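Just so you know, the sequences run in chain order C and V. Numbering that gives the first Met the number 0 numbers the first residue of the first sequence as 0 and each following residue consecutively. Numbering that gives the first Met the number 0 numbers the first residue of the second sequence as 0 and each following residue consecutively.
Calculated from the structure, these hints are not laboratory results. Nothing here was measured: the structure is a model prediction, and the numbers come from that model. A portion of the hints provided could be inaccurate.
Each computed EDC-like pair below joins lysine to aspartate or glutamate, with the alpha-carbon atoms no more than 20 Å apart [unchecked claim]: (1) C:132 - V:181; (2) C:161 - V:321; (3) V:69 - V:39; (4) C:132 - C:143; (5) V:114 - V:181; (6) V:19 - V:119; (7) C:161 - V:317.
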Amino acid sequence: MQDALFYLFAALTLLCGLMVVVNPLSRNPVTSAMFLVLAIVSMAGLFVLLHAFFLAAVQILVYAGAVMVLFLFVVMLLDLKEEARRKIKVFGIATGLVSVGAFAAVMVASIVGTHPGKGLIPQGEGTTPVLGKILFTQYLLPFEILSVLLLVAMVGAILLSKKDLK
Amino acid sequence: MPFLEHLSPTQQFLLFSTLKIVAAIFLVLLPMVAYSVLAERKISAFIQDRVGPNRVGPFGIWQPLADGLKSFVKEDFTPDHVRKVYFWLAPALSLIPAFLTVAVIPFGSFLGKQKMVIADLNVGILYTFGIVSLGVYGIVLAGYAANSKYPFLGGIRSSAQMISYEIAMGMSVIPVFMLVGDLNLSQVINYQSGGAWLVFKQPVSFFIFLVAAFAETNRLPFDLPESETELVGGYHTEYSSMKFALFFMAEYANMITSSAMMVTLFFGGWTLPFGGLDQPASTLTGGLLHIGIFLGKIVALMGVFIWVRWMLPRFRYDQLMDLGWRRFIPVALANILATAVVLWLQGAK
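In isolation and in its complexed conformation, chain V is listed as follows (with noise of 0.2 Å):
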């Protein structure tokens, strides 16, 4: 493309960057979220025996066009009793994290010249951890904002559950770093190609992650924020039409981000140990063959995300704090140092 020569290796960066950061956001992770939830109603209807959305089109396919339109059209009711300001920031707080995790994940090698990541971070791990941090802001703010006692108390649970998780996930992770020697998520994968994925190399490391991805995102058997049994809905119950529609999209667009996270981190990412496709492309259409196995790999873990939710039923709080803090920490501990004694031996030998 002639055009392209003419322009500063800066505008260039800023060019490819927007693409990247459009077609990543609009033309991947949206549709997903809107499938997702299309996925999610379909499963849990062949589990327990029904038919499922079947109207829209065949086999319900246009459904999330459906009840996308619908949101959009509802009143938009804002009850009386909210705090104004929070009631309005906490669905944008919800979702934002969730888009903005994204930007440090390789989601391919490389297409043309461009390196598939939209920012190759060096500390890119570190960076998911914080980003995911803020998303408890969201469910925390809402359930203030709503000022009455059950999204109150959903808003609590959701921020003593993320703490205590995210300790557990950060701490599933070391070993895999341990191994890779770096925090960079391109390196993880280099480290992994040839077939030597992490979760056969750290599968303890891989099943907290697991789990602690489950309560991260709010979905059963970890969805106590919400339960309805006891909370009504939890910290969107005052919401309705697009706000709600919002905290919805981010439940979805965080499990496709933690979905994305774990193919990364445990999956070897884009590759595939046969066929040459652990290595870098070179042509247009194994750049895009990398992208179809990293999204591929990511639909598989949703639809464990999915089938997990419509199997187990809900903890009860202690249970879920019992296994947090006395389960998962001292076992992540252990597998650091586990790790550690293994790469001394080695290293000693």
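Here chain C stands alone, though its shape is the one from the complex (with noise of 0.2 Å):
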């Protein structure tokens, strides 16, 4: 049954990845985010299977329901026709490939590297209150940076989106 639907999921989030960069039916972008949200909630489900129930939730709840709102707010209002009539390039095709095989290479490697299963002990998976302590103690500096760097990406957003400044 885990093993099962460990497979769907995975299969699911690929397919729904590719679908994202090279959907053959429709160059819409639209149809483009609508796949994204799609491999995140199935992505949710392999933090599901990975008993990080935190994770998941919060995965569904920023990512498919606010940034991807958000982002599917902009293709509308910017009505992107040329980017519709756009063909899928073979040379697009190609150096993304190079790409991505280039980064699996790296991650096969390091995963190898580390002995799966043998190597790092599992912290913050189950309950969230774990998580919490985790996160104000032991990883309390990075996790105190990433919140000022989303300040200041924040702080960035508003400075230039305002027309005039005083």
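Build the complex: two chains, separate frames, hints provided.
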């Protein structure tokens, strides 16, 4: 059951991810965005199978529910007609495949290097309080730095969108 | 029942889960949707000094059935200029999240040996917020699929509105979970047993949650995505027959699930503070009584939803955004801080 579900969600994630960039049926940016939502949701399914329920819920809440809605918002408002007319180019697919291959090689090498199933002890899986404790003790500094990074991005976005600066 | 003992635990789990899902959706949620439409029409008629539907059956009680039949037999018209795939997808996408939310809500204590919740997740509330946030796609895609300006404006409005109020809603419940110390909704109800309802401890939270629920379900005074006077009918302008009815059902199903959330978070769920009704039931009647109490509380909150709709005028869009971002979010943040300070002082003693 668990294995079957893993393969189902993994296949869905990969397929939807592929459809985001090379959809043969439609070059509509909105369709790509919707496939990205599906990919995110199936990734949440993978997190559930890893017993990382908090991560799964937050994945759907933040990425599928908020970030992608804003993406969709922008895509619809910009009305990307010429984007929809653009054909799939061989050069684009080739460079894409090369970069994906290189990234996959790095990932596989590092995963094999850590001896999966033996090396790292899983932390913060399961209940939310455990995850919270780890974030606020062991990983406090990276956590805070990340929040500052997000704050900087927010201030930057507001600054850029302002037309006249006083 | 002897045949139950022959089943393995997995089979029993599957059997009872399926039973609970079918019962919760088809015996409780859908009839409630149908009859809240009737209640809405009756109450609006009462408020506006009209009679309301009274032709089908005594007091019009078969009106929902007639309406449903009408939706099915009407011509399902697809305009020429729409984007077909999304036009078909959107009504389903708006109804499914409304049903999925039911999964984590504890609608009773025990019936026999079965816990009356479909999935007792330890991140229950986050699951709910995740699913609720997916509900916006139905409306946005409906607006996009229609490929004409009024539905599109309605869709855009609703996405901005729902994202804004989701933030306020999410922040408003944080103090609740600071007090309870768990994200599991059954634990929230345990905490409130004995009459310690969180609406008394966190009235600010409740108020923000209530108003945000109005905005999330696109109800008056915040029904700007469909505001008839300026947008013709908003995101569902191009829809007819059963597809339109699905949007309609989604709105009411969302109202019911958000009422259920409010009952669970702030009004003690299936408990009542007297007569020993705040302890998990051991008998079958007790279990049924708890389900009845839960449904009764939902009906009361649905009454509030309907009553407010016919009492308040619609907000302007800038007023809506102003209220969400510049009033509710700061107040919700202050509420979190205040709760934290109080909890810290209590812990220091």
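Each hint tested on the structure:
{"no.": "1", "hint": "C:132 - V:181", "result": "holds (14 Å)"}
{"no.": "2", "hint": "C:161 - V:321", "result": "holds (18 Å)"}
{"no.": "3", "hint": "V:69 - V:39", "result": "holds (19 Å)"}
{"no.": "4", "hint": "C:132 - C:143", "result": "holds (14 Å)"}
{"no.": "5", "hint": "V:114 - V:181", "result": "holds (18 Å)"}
{"no.": "6", "hint": "V:19 - V:119", "result": "holds (13 Å)"}
{"no.": "7", "hint": "C:161 - V:317", "result": "holds (18 Å)"}
Figure legend: structure checked against the earlier numbered hints; every hint is met.
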